[in-house]
Every structure is written in C-alpha cells, then in structure tokens.
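Enquirer: So you can see what is in the structure, the chains are spelled out below.
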Amino acid sequence: MSEMRTQLVETATALLADGTATIEAFAEAGFGQLLTPEAEGGFGGDWGDAAEVLRLVGFHQPRLDVAALIVGDGQLDCALATTALVGGALQRALELAIDHANTRVQFGKPLGKQQAVQQSLALMAEEVAAVAVAAQAAAKARDAGDAAFEIGCAKLRANRAAGIGGAIAHQVHGAIGFTQDYPLHHYTAKLVEWRSAYGNDAYWAEQVGTFALSLGGAGLWTEITRRSDAL
Amino acid sequence: MQGFAIHAFDPPGDSVALRAEIRAFLAEHQPKGSAASRANCWQVADPEFSRALGKAGWLGFTWPTQYGGHGRHLLERYIVVEELLAAGAPVAAHWIGDRQTGPLILRYGTEEQRERYLPAMARGESFACIGLSEPGAGSDLASVRTSARRTREGWRINGQKVWTSGAHHAHTMLALVRTQEGSERNAGLSQLLVDLDTPGITIRPIIDLAGVHHFNEVFFDDVLVPEGALVGAEGNGWAQVTAELAIERSGPERYLSSHALLVALIDHLGPNADPAARALVGRATADLWTLRQMSMSVTAKLAHGEDPVVEAAIVKDLGNAYEQELPRAVQDAIALDLLDGSELSNVLHLLLLTSPSFSLRGGTKEILRGIAARGLGLR
Numbered sequence: 004m005s006e007m008r009t010q011l012v013e014t015a016t017a018l019l020a021d022g023t024a025t026i027e028a029f030a031e032a033g034f035g036q037l038l039t040p041e042a043e044g045g046f047g048g049d050w051g052d053a054a055e056v057l058r059l060v061g062f063h064q065p066r067l068d069v070a071a072l073i074v075g076d077g078q079l080d081c082a083l084a085t086t087a088l089v090g091g092a093l094q095r096a097l098e099l100a101i102d103h104a105n106t107r108v109q110f111g112k113p114l115g116k117q118q119a120v121q122q123s124l125a126l127m128a129e130e131v132a133a134v135a136v137a138a139q140a141a142a143k144a145r146d147a148g149d150a151a152f153e154i155g156c157a158k159l160r161a162n163r164a165a166g167i168g169g170a171i172a173h174q175v176h177g178a179i180g181f182t183q184d185y186p187l188h189h190y191t192a193k194l195v196e197w198r199s200a201y202g203n204d205a206y207w208a209e210q211v212g213t214f215a216l217s218l219g220g221a222g223l224w225t226e227i228t229r230r231s232d233a234l
Numbered sequence: 114m115q116g117f118a119i120h121a122f123d124p125p126g127d128s129v130a131l132r133a134e135i136r137a138f139l140a141e142h143q144p145k146g147s148a149a150s151r152a153n154c155w156q157v158a159d160p161e162f163s164r165a166l167g168k169a170g171w172l173g174f175t176w177p178t179q180y181g182g183h184g185r186h187l188l189e190r191y192i193v194v195e196e197l198l199a200a201g202a203p204v205a206a207h208w209i210g211d212r213q214t215g216p217l218i219l220r221y222g223t224e225e226q227r228e229r230y231l232p233a234m235a236r237g238e239s240f241a242c243i244g245l246s247e248p249g250a251g252s253d254l255a256s257v258r259t260s261a262r263r264t265r266e267g268w269r270i271n272g273q274k275v276w277t278s279g280a281h282h283a284h285t286m287l288a289l290v291r292t293q294e295g296s297e298r299n300a301g302l303s304q305l306l307v308d309l310d311t312p313g314i315t316i317r318p319i320i321d322l323a324g325v326h327h328f329n330e331v332f333f334d335d336v337l338v339p340e341g342a343l344v345g346a347e348g349n350g351w352a353q354v355t356a357e358l359a360i361e362r363s364g365p366e367r368y369l370s371s372h373a374l375l376v377a378l379i380d381h382l383g384p385n386a387d388p389a390a391r392a393l394v395g396r397a398t399a400d401l402w403t404l405r406q407m408s409m410s411v412t413a414k415l416a417h418g419e420d421p422v423v424e425a426a427i428v429k430d431l432g433n434a435y436e437q438e439l440p441r442a443v444q445d446a447i448a449l450d451l452l453d454g455s456e457l458s459n460v461l462h463l464l465l466l467t468s469p470s471f472s473l474r475g476g477t478k479e480i481l482r483g484i485a486a487r488g489l490g491l492r
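Sequence lines, in order, name chains L and S.
Count along the first sequence starting at 1, add 3, and that's the number in the numbering used here.
Count along the second sequence starting at 1, add 113, and that's the number in the numbering used here.
It is possible that part of the hints are untrue.
[What the hints assert, rightly or not] Here are the simulated lysine-lysine pairs, DSS-like style, with alpha carbons at most 27 Å apart:
id	chain 1	residue 1	chain 2	residue 2
1	S	Lys168	L	Lys116
2	S	Lys478	L	Lys112
3	S	Lys414	S	Lys478
4	S	Lys145	S	Lys168
5	L	Lys143	S	Lys414
[As the list claims (entries may be wrong)] Stretch by stretch, here's where chain S covers chain L in the computed footprint (C-beta under 8 Å, at least three residues):
id	segment
6	100 to 107
7	112 to 126
8	130 to 139
9	151 to 159
[Stated by the list, open to error] Quick look at which bits of chain L chain S covers, simulated, 3 or more residues with Cβ under 8 Å:
id	segment
10	200 to 211
11	215 to 227
It should be emphasised that the hints constitute simulated quantities derived from the structure, not laboratory data.
Ideal Cβ placement from N, Cα and C applies to all residues, glycine included.
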C-alpha cells in the first residue's frame with residue numbers, strides 16, 4: 004500500500020471506528036478533495052485509494068454517503084464507487100455470518116461445523132473475493148482514463164455478488180439476522196439498494212454485451228488484453 | 114479469517130511485445146481446426162505442436178537457463194499461457210510437465226533430476242503426468258495406498274493409479290506413494306519420479322463419455338525405480354503435493370479452457386443480436402474479465418513466493434462455475450439444433466457433455482469450498 008493510501012485508510016478507519024461518523028466529519032477531514040490533484044490543493048489520491056476508502060465505508064457504516072463526497076455524481080464513477088461499497092458491505096456481512104456460525108450451537112455443535120453451512124459460506128467468500136478484485140481492477144483502469152468497459156464488468160459482477168452473498172448471509176443467520184436489533188440488515192439493506200443503483204444487471208449486461216459483440220469473437224480477447232497491458 | 118489477498122500484476126518487460134510474439138508463433142504453428150477442437154484445449158494433446166513450442170523457446174519459460182529454461186518471470190509465463198489457451202491451442206502433451214512437474218523438480222528435486230528431466234521438458238520432448246488419484250483415493254487423497262518400499266536396488270512400487278490424464282503419451286509420472294509401511298492418512302507419503310517405460314508398468318485406456326481417450330489407469334507390479342527417483346524428502350509427500358495442487362489449481366486454464374465457446378457465440382450472433390442475447394454475452398464477458406483479474410492476482414501472489422492455497426481454490430471454483438454455466442446459458446438463450454453441424458452447435462454440444470468434469474478434475478467443488486471454508490476459520 005502506498006503511503007498516501009495508508010494515511011487515508013487510517014483516517015477513514017478512525018472516523019468510522021464507533022459507527023457514529025458523520026458526512027460533515029468526512030468533509031472536514033478533506034475526503035471531498037481525495038481525487039483532486041495536489042497542485043489544485045487536493046490530496047492527489049488515485050481511484051484505488053478512493054475504492055479502498057469506500058470499501059471501508061461499506062464495511063463500517065454503509066448508510067453514510069461518502070461516495071457522493073469523493074466521486075461526485077457521474078454515472079460511471081458512481082457505479083465504480085458503488086462496486087467498492089458493495090465489496091465492503093459484503094465483507095462485513097460475511098464476517099457477521101462467520102461469527103454467528105462459529106458461536107451459534109444447534110444439534111450439539113456450532114453451525115460452522117456443518118458441511119452444508121461451510122459450503123454456503125465458502126460460496127459467499129468467493130463472491131466477496133470477486134467483488135474486491137473487480138473493484139480494485141476497475142479503479143486501476145479508471146486511473147488510466149477510459150474505464151467504461153471495466154466499470155461495467157465490475158458493477159455487473161458486484162450486482163450478482165450482492166444478490167448471492169446477501170441471501171447466504173441471511174440464510175446462515177436464520178431468524179436471528181432478521182431483527183432490527185441485529186446489525187446484519189445495515190449491510191444487506193444497502194446491498195439491496197446498490198444492486199439497482201447506477202445500472203442494474205440488465206443495464207450493464209446489455210452495455211457490456213453490445214461492446215463485446217461489436218468487437219467480434221477474437222476481437223474481444225484482443226481488446227481485454229490490450230486494455231490491461233496498457234495500464 | 115484469511116481473505117483473498119489482492120496482488121498487483123506487474124510483469125517486467127514489454128507485455129505488448131511478448132503477447133505479439135506468442136501470437137505470431139500461434140498464427141504460424143497452431144493447427145487449423147474447428148471451434149470444437151479448440152474447446153477444452155488443455156486436454157488436447159499434439160506432441161508435434163508441443164515440440165514446436167519447445168523449439169521456439171516457449172516451454173520451461175521461467176526455469177533457469179542452465180536447465181534448458183529461459184529465465185523469464187512467472188508473470189511473463191502467464192501472458193504466454195493465457196494466449197495459448199485463449200487461442201485454443203492443443204497444449205495437453207507438455208501441459209503437466211511445464212505447469213507443475215517441472216517447477217516441482219526445480220523446487221524439491223536433486224541436481225541429477227533437474228539435469229535429467231528439465232531440459233527435455235523445455236524442448237517439448239519429454240512429457241509428464243500426475244500420479245495422485247487411485248481407485249480408493251479420489252477426493253480423499255490421503256487414502257493413497259500405492260506403496261514403494263526401499264530395497265537395496267531402489268524403490269519397489271506396487272499399486273494402481275487411475276484417471277491419469279495423458280499417461281499414454283507421457284514419459285514420466287510424478288507419483289504420490291506410501292513409502293512408510295503402516296503409515297496412515299497424510300503421513301508416510303513421498304513423491305517418486307517414475308519413468309513410464311520401466312518394466313512392470315501397465316497403462317490401460319479409459320474412454321470418456323464423449324468417446325475421447327485422455328484418462329488411463331496405470332498399474333504398478335513390482336516396479337523397480339532407482340533410489341534417486343525420490344523427489345524431495347522422504348515422508349514429505351503431502352506437503353509437496355499441497356504446494357503442487359496450488360500451482361495446478363491457480364492457472365488461467367480454470368476459466369479459459371472453453372473460451373472457444375464464447376468466441377463462437379459472439380461470431381454466431383454478430384453485432385445486431387437481440388437484447389437477450391446481448392445480455393448473455395455481457396454477463397459472460399463480465400465473468401471472464403473478473404476471473405482473469407482474480408487469476409492474475411493469484412499468479413502475482415505465487416510470483417511473490419507465497420502459496421495461495423485458498424485463493425487458488427476460490428479461482429478454480431468460480432472459474433469452473435463460469436465454464437459450466439455458460440454452455441447451459443447459451444443453450445437456454447439460442448435456439449439451436451445441437452446436431453446441425455455448425456461451429457457453435459458442435460462446440461456447445463461437446464461442452465454440454467464434458468463440462469461436468471470441470472468441477473471434478475483437480476479438486477471437486479466440494480473439496481475446494483472446504484479449503485475456502487477452512488481459510489474462513491469455520492470450526
């Protein structure tokens with residue numbers, strides 16, 4: 004991690020530590036200028052930094068609208084920001100589910116000892132991993148310029164992961180995860196919203212599909228590799 | 114909890130030039146064939162093509178030059194390998210040796226073993242196969258019973274391996290055997306390099322459900338191999354195999370093995386496809402792009418000298434799922450007569466039949482998810 008990112012992560016983590024961070028506190032700490040170049044008085048951070056900060060927001064306090072503060076209101080940039088938020092909220096829902104599975108005893112043993120539960124949580128972890136990688140890869144492409152393709156792929160993948168992962172988190176928690184008191188809904192409710200925000204499954208599937216078809220069968224691979232080699 | 118660590122894929126040198134070089138090689142040397150012949154291409158053996166690759170310097174790419182390798186970076190090899198797979202080149206003959214047996218010999222083997230095996234593998238003249246599964250040891254690999262006893266003349270091997278891909282064109286098997294009498298589970302196991310022309314070895318074909326011969330069963334009847342056949346430390350076989358499986362599971366073949374289907378689908382549909390078909394291609398493309406990023410991240414972790422056991426299991430499981438869902442999704446969305454002889458129907462039909470094996474070979478999805486669950490700290 005770069006020095007810049009370490010510093011941003013520490014600041015964001017400190018702000019988010021007790022779950023009562025405000026958007027004003029983020030603004031005061033300068034997060035509105037995260038992506039503004041240093042020459043213009045900003046932090047000079049990159050999109051990888053922004054994605055990491057938003058992942059933390061998704062993980063700790065997903066209802067806080069830090070994304071608008073950092074990335075503004077462009078649809079593509081908001082789609083990228085949402086992908087990062089999904090990654091964080093899914094990670095938190097997974098950790099809650101693992102804790103629950105390791106402590107809740109049924110049939111004389113923790114749920115997490117049941118193979119069926121283990122297999123479900125493994126699937127969820129795979130979805131979490133896919134979103135984390137997709138968000139960072141799309142952020143890297145965004146730093147280099149045109150990233151419409153990468154952001155489309157990443158948001159499309161995040162939409163699917165949010166659906167699969169949210170469902171598994173609730174299933175593993177049983178009724179306990181279904182109350183106002185238990186924190187799971189803070190994350191899964193936002194996951195539900197974010198699946199529709201800045202392009203749902205059908206929207207991005209058509210965008211990405213139209214682009215892929217315009218390239219032709221062999222051309223798709225040529226384009227995917229050309230784009231990543233240029234980073 | 115052990116998550117999926119993201120590593121940056123930053124190969125040294127000029128990736129664009131390297132990619133252009135391997136593409137030029139493929140344009141000249143890849144056999145012309147149908148989409149179906151390019152599907153599942155790392156199970157398609159063409160020794161002549163493998164020799165051409167070796168001659169042009171594409172095999173043993175990362176191995177030291179003193180052993181006939183080319184001293185390139187692991188991430189440069191990744192670029193070469195993904196190009197071979199995306200093109201659907203018939204890479205099976207050299208695949209196992211180049212991917213895992215060679216690197217294992219390099220890591221654990223003796224100087225004599227390195228000199229004996231690696232240069233021939235890098236020339237594309239010596240092929241290897243994997244000796245893990247047995248009739249009683251499938252997913253439960255620690256049940257391996259094939260035994261090797263130390264004698265004055267060397268190791269005496271008795272037992273049987275099964276589902277051995279490519280044994281009929283391989284020269285050497287790296288076999289996991291029980292070297293300690295009475296040992297159980299993952300203790301007392303070792304790896305031996307067994308030349309397949311050694312007396313006492315019988316290789317019998319097993320024809321798969323699509324009529325293809327790539328599996329075999331391999332019998333060992335009092336097979337005597339020299340003491341120098343032992344790879345690594347006696348009794349360290351399990352740890353070595355675990356490292357070998359991380360290499361085996363992490364590569365791009367776990368999501369690119371049937372790329373020929375996506376290519377044929379896009380060419381079949383053309384740019385004016387209906388919205389449902391466009392969405393199908395879009396979803397597949399997003400999966401492909403994400404899996405490639407994940408696979409590159411795992412390879413970058415390997416390049417840092419770490420064993421990405423959990424990450425490799427995750428990428429293989431997701432890659433297998435993608436390669437199994439795509440044929441079904443294409444069948445759902447596109448009205449086709451599977452027997453009409455068209456490029457798309459042929460490759461689709463083949464993959465509908467063979468893709469169930471993708472989540473069996475190299476570790477079932479249940480085993481992979483078990484590995485992922487352990488990484489999550491589920492107790």
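Enquirer: Any hints this thing doesn't respect? Which numbers, in order?
Expert: 1
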